[in-house]
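Given only the sequences and the hints, what does the whole structure look like? Please build it.
Sequences listed follow chains A and B, in order. Residues in the first sequence are numbered from 1 upward in steps of one, following our numbering. Residues in the second sequence are numbered from 1 upward in steps of one, following our numbering.
Simulated from the structure, these hints should not be mistaken for laboratory data. Since no wrong hints were added, every one of them can be taken at face value.
Simulated restraints, written as ranges between beta carbons of each label pair:
#1 B:E269 / A:T328: 48 to 54 Å
#2 B:T246 / A:S131: 21 to 27 Å
#3 B:L62 / A:Q373: 22 to 28 Å
#4 A:D195 / B:Y293: 28 to 34 Å
#5 B:L62 / A:P315: 32 to 38 Å
#6 B:Q284 / A:T103: 40 to 46 Å
#7 B:N243 / A:S131: 23 to 29 Å
#8 A:T62 / B:Y293: 28 to 34 Å
#9 A:Q247 / B:R63: 55 to 61 Å
#10 A:P315 / B:G32: 48 to 54 Å
According to the in silico footprint, chain A covers these stretches of chain B (three or more CB under 8 Å from chain A):
#11 44–56
#12 63–73
These stretches of chain B come out as covered by chain A in the derived footprint (C-beta under 8 Å, 3 or more residues):
#13 29–41
#14 132–144
#15 158–165
Values in this document were obtained by computation on a predicted structure and should not be read as measured data. Yeah, the Cβ is synthetic: ideal placement off N, Cα and C, and Gly gets one too.
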Amino acid sequence: MSSLNASLATALSGLTAEQGALQATTNNVANANTPGYSREVPVFVASAPIIVDPLTLGSGVTLQSIESVRDPILESRIQQETQTQGQWTALASALSQTQVNFTSGSGDIGSAISNFFNSINQLSTSPADLSLRQGVVTAADNLATSFNVAANNLAEQRTSLNGSVEQSVEQINQLTQQIAKLNGQISNLQNVGEDAGTFLDQRTQLIDQLSSLVDVSVIPTDNTISLTTANGTALVAGQQSFQLSTQPDASGVQHIFAQGNDITDTMVSGQLGGLIQARDQEIPGIQAQLDTLAAGLANAVNQVQTGGYDLNGNPGTNLFNAPPASGTGAAASLSVAITDPSLIAASSDGTPGSNGNAEAMFALSTQGLIQGQSPTDYYSGVVFNVGNASANANAEQSASAQVLQQLNDQRSSVSGVSLDQEAANMMRYQQAYSASAQVITTINEMMQTVINMKTS
Amino acid sequence: MRVNPNPLPDLISAIQQTQQQINTDLQQISSGQSVSVPSDDPAAAAMLVRNAGQTAAADQYLRSVDSVQGEMQNADSTLNSVVTTLQRAISLGVEGANGTLNDSDRASIAAEVQGIQTQLVSLANLSYQGSYVFAGTATQTAPYVLDSSSPSGVNYLGNSSSNTITVGDHFSLQTNLPGSQLFSSAGSDVFQAVQDLITSLQAGTNIDSAVTEISSAYQHINAQRVFYGNAMNQLNSQQSFLNTETTQLAQQQDTIGGADLTKVISNLESAQTSRQATLEAMAQTQQTNLFNYIK
Chain A
1 MSSLNASLAT
11 ALSGLTAEQG
21 ALQATTNNVA
31 NANTPGYSRE
41 VPVFVASAPI
51 IVDPLTLGSG
61 VTLQSIESVR
71 DPILESRIQQ
81 ETQTQGQWTA
91 LASALSQTQV
101 NFTSGSGDIG
111 SAISNFFNSI
121 NQLSTSPADL
131 SLRQGVVTAA
141 DNLATSFNVA
151 ANNLAEQRTS
161 LNGSVEQSVE
171 QINQLTQQIA
181 KLNGQISNLQ
191 NVGEDAGTFL
201 DQRTQLIDQL
211 SSLVDVSVIP
221 TDNTISLTTA
231 NGTALVAGQQ
241 SFQLSTQPDA
251 SGVQHIFAQG
261 NDITDTMVSG
271 QLGGLIQARD
281 QEIPGIQAQL
291 DTLAAGLANA
301 VNQVQTGGYD
311 LNGNPGTNLF
321 NAPPASGTGA
331 AASLSVAITD
341 PSLIAASSDG
351 TPGSNGNAEA
361 MFALSTQGLI
371 QGQSPTDYYS
381 GVVFNVGNAS
391 ANANAEQSAS
401 AQVLQQLNDQ
411 RSSVSGVSLD
421 QEAANMMRYQ
431 QAYSASAQVI
441 TTINEMMQTV
451 INMKTS
Chain B
1 MRVNPNPLPD
11 LISAIQQTQQ
21 QINTDLQQIS
31 SGQSVSVPSD
41 DPAAAAMLVR
51 NAGQTAAADQ
61 YLRSVDSVQG
71 EMQNADSTLN
81 SVVTTLQRAI
91 SLGVEGANGT
101 LNDSDRASIA
111 AEVQGIQTQL
121 VSLANLSYQG
131 SYVFAGTATQ
141 TAPYVLDSSS
151 PSGVNYLGNS
161 SSNTITVGDH
171 FSLQTNLPGS
181 QLFSSAGSDV
191 FQAVQDLITS
201 LQAGTNIDSA
211 VTEISSAYQH
221 INAQRVFYGN
231 AMNQLNSQQS
241 FLNTETTQLA
251 QQQDTIGGAD
261 LTKVISNLES
271 AQTSRQATLE
281 AMAQTQQTNL
291 FNYIK
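Given below as structure tokens:
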């Protein structure tokens, strides 16, 4: 009797275990398309045997746990690559906007420089002609405008990057809060020996999102994790999250603070790193080159202009308002100082028909005015630098996208839900369940036999 | 080894890549340019900036050549009229030197030479587009005015300066001769010679030497015309050089930044084929799995 009952219990353990396993499959199938979900596998363990001397009898199966299948090293590689991806995506997107200012077309700085010098060459053919003089004033105005427009666009872009930095910081704060909360839920479950698979998946997903924003390092501690930025600023420690804040400096540039320390310059990776690199390095670099060009050109033209004589025989005055001595802001503030075309100092001797000074001014177009380069050559260098930075960011971005895709493939090959596999598992569990049920039926019949034996 | 059970993200990214290729190709075909933003090819973009600068300069040099040519042709044909007028003065002088003429005959010849003097002043005051061509660089004032109190019969109000103009990256040339060099050159002063002829005709003396004076002025003007001839030749050859340069620059621009349409269209076709294939693969994938077969 007792061994029949034991067999019944053993068969029942099979039924329970297969039901539980089917639950894992059901959950896997339901989450087949859930981002970041790691498939679950049932862990069957044979129950401790019962020793009935001299026999050792098995006592069935225990569904010990349902575990998520994941590769923590792969996940940390994905997080690192996500940071790289975030950085280059932000930079590539910023620079692709920047370079629009440097495409050739009407109104670009290159053609404005050409047009300005050409108007002077035309004036040279008939230096007293007022309409040709007006042509020079107009071309100088257009030149100043083309510098202004490009410089203002760059400044506006920096402002909008500033806004993006603030938004990124807000997102980071939200994510670290959520991660800290999940840390609490995960350690509660793990403390009572439960698998926290779903919460772990969620946390991995959030850390991925956080990685796309900022360079985080994941440091596993007892039963939980801490997150820090690359330079060691704490973002999350167990169930506590540390908020980042932004504060504008005197020029309005948002700096990032963590617990009172300015950590702006340490942000190198992730979207935030890319935004800061574009805002604080790439775009200011281009602005500085434009300023150098604008100041160099304006000063050289003014110098020639003041060395000649205008149409009335008076000594020439500045054609462009003198750029700031430091050169900073020269492109944004470049403007023409004269409106009266007769003030163009085309004459080298004071007679209205002399074109000597116009010739000297035109000669500037091929002189090494700016760091040994002619204005057009220097500008072509700026275009190269802008294009190169943008092309480089694009290339890095797409290389990183490829790596990330491969890593995600790998992750999916480990953790992804395969419907074929789940169907096969389902069949296995169903068959085992049916078999266990059949065993119970048989035991039942055997018991009936025993009972009938007694009454008859 | 377990394989990735969900290849869809890979396929979607492949689709995006081919789509991007198709967009780039279409853009190149529609614009005819391979470089639409500097990042497409930074080095080419920089070369295109320099090329555009050189092209704009060459176009400007051509316009300047045109302007200068116009002025020089006017100056040259005016000098031609001066030469003709001086020839007439020489004939009148030779006629006036004939001993059979009486005072009144000579007076009427002298009056005719005075007409020539006025005519020469008008020729020397040639104005082209608002500027006096033979005034040196004092182009806003008529350079010659008749003045009976002056020994040469005229006053020169211009200066002795000349302009030079750049019509090529390494080429500039003088565009004008001042009246002081053309008409009022010491030793072959046109107006002095004409005034001397008038005076000698009126006095009936030294007519021969006055005629010699006019002849030497005539030769001087003829010699000076060579300047305009040379300059116009130079301008012509510079013009054809600039036209060639413009063509070369345009070819260069096309080589650097023009889209290679044959290549782009072939790229486009292969991208479209690849897109088609990927789409079909996507449609095929995941049509079936084991669940479909469980009855």
